[in-house]
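A.B. asks: Kindly produce the complete structure, drawing on both the sequences and the hints.
One letter stands for each residue in the lines below.
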Amino acid sequence: MNETIPLPTKFADRAAMLAHLRALSGHDDAASAIPDIAAGGRTAAEAVLARIDPRAYAATRNHLDGAVTRLSPYIRHGILSLDEVRNAALASVSDPKQAEKFIQELAWRDYWQRIYLAHPERIWSDVESYKTGFDAAEYDAELPADIAAGETGVACIDQFIATLFETGYLHNHARMYLASYTVHWRRVSWQAGARFFLEHLVDADPASNNLSWQWIASTFSNKPYIFNLENVAKYCGPDINTIPRHNLVLDQSYERLSELLFPYMGGPHG
Amino acid sequence: MADLVWLHEGALRLTHPVFAAGGPGAATVFIWDTDRLADSHVGIKRQLFIYETLAEMSESRSLDIHEGRTEEVLPRLAAQSNAGRVLVPSSPDPAVRAKIGAIRRAAPDLEIVEIEDTPFVTMANTPDLGRFFRYWNKAKKSALRPQGI
Ligand SMILES: Cc1cc2nc3c(=O)[nH]c(=O)nc-3n(C[C@H](O)[C@H](O)[C@H](O)COP(=O)(O)OP(=O)(O)OC[C@H]3O[C@@H](n4cnc5c(N)ncnc54)[C@H](O)[C@@H]3O)c2cc1C
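Line by line, the protein sequences are chains V and R.
When the letters of the first sequence are read in order and numbered with the working numbering, they come out as residues 3 to 272.
When the letters of the second sequence are read in order and numbered with the working numbering, they come out as residues 2 to 150.
It is worth saying that the hints were derived from the structure and are not from the lab.
Among the hints, a few may not be true.
Reference listing, derived: stretches of chain R covered by chain V, where coverage requires no fewer than 3 residues with Cβ under 8 angstroms from a Cβ of chain V [to be verified]:
(1) 17-29
(2) 93-107
(3) 111-121
Ideal Cβ placement from N, Cα and C applies to all residues, glycine included.
C.D. replies: Shown next as structure tokens:
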């Protein structure tokens, strides 16, 4: 009855734990790097929770260097409940209104979880049809190799993918850019993109992730989400390369992008 | 007979109501089911985060991680610890729900009880989930109060 012996929980360091997990999952490429991910556990979670600032959050959350909380891996794994995070946010302000934007974002998670429970089939199937002028069948079912490798040649996109690989975390805006690039510039099915994120995000959640991909794709929203280089430059700060000649396909007006990406939108094709 | 708490990766905290339901003496297990982890696309980075969390939890409570297929390992552990009931945090994840079904088939005499987490909002009626703002307009009042009450 070998299997009833519990697995070890004490390791010299993260590298040793990682080697143990690789052996369990049958990957023996033990030489690969130790990822720079958030620390697991309640102690780490409480330290992150103690630093939240709902007022600064409301003012800066759309910026990559804004006061977002990085609570997602702790919330996703129930290390912190949504209830206690909300209570902590309320306790840190003098008027609940100051925490409203932050609590509304927490509510997105509650919303997606409710859909997950009520309609589990929506996690992998289109909730509605694409509103892009293309049929679902026109989207590639597989993720292109250059996206999977983070070598698309679009500088900011490759930086986002590298961050995803190294840290298992991306700011919400970077997730939106990367998902939009994948679905709308490359015409890849949202399902292929969602699988890619699930494998790399430390906060990976089938509901928050897949339903957000559907929101970007327009299969669970009223129109496709697109962006341009000017928008990336506005929100991403100096660490992201937004030099036009390194990001050619993004360097257009919204009007021109709509024509290029959705030539049949509103027309007979769709 | 004692209870056995069966944790999954969506509820990794010792203040989850599942522990109050089981009482201080209930043994706790997490089943490291590699096939299920792979089916759920749980990559190595997330595995590391989950395992670190479990390792820390095991410092303050008796909690064992067992490798194997959930529906085989769990009934055996329940029998060994003489547990009449298995308590599990409720989950919307179809993979967890499928495992609950598989355990029920493998061990029909074992009672499995799902324990809800503390709610984020309380609402009188089931909200319209068609679009976020339809839900938010109904949830907002409760969401902006401590304990959502
Ligand atoms: C394509 C795409 C994929 C995504 N995949 C995931 C995922 O797998 N897991 C996940 O938790 N979130 C996902 N999100 C939502 C959101 O991007 C992350 O929750 C957020 O960026 C996590 O960072 P934070 O903790 O610093 O967030 P903060 O902005 O500080 O928000 C606090 C908490 O609120 C919740 N939250 C905030 N925004 C959202 C949102 N839009 N949807 C759901 N919950 C939200 C999270 O629990 C988050 O930790 C995805 C978004 C997109 C566009």
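A.B. asks: Work down the list of hints and note, for each, if the structure agrees.
C.D. replies: Structure-based check of all given hints:
| no. | hint | result |
| --- | --- | --- |
| 1 | 17-29 | violated (count 1) |
| 2 | 93-107 | holds (count 3) |
| 3 | 111-121 | holds (count 4) |
When each numbered hint is compared with the structure, a violation occurs for hint 1 only.
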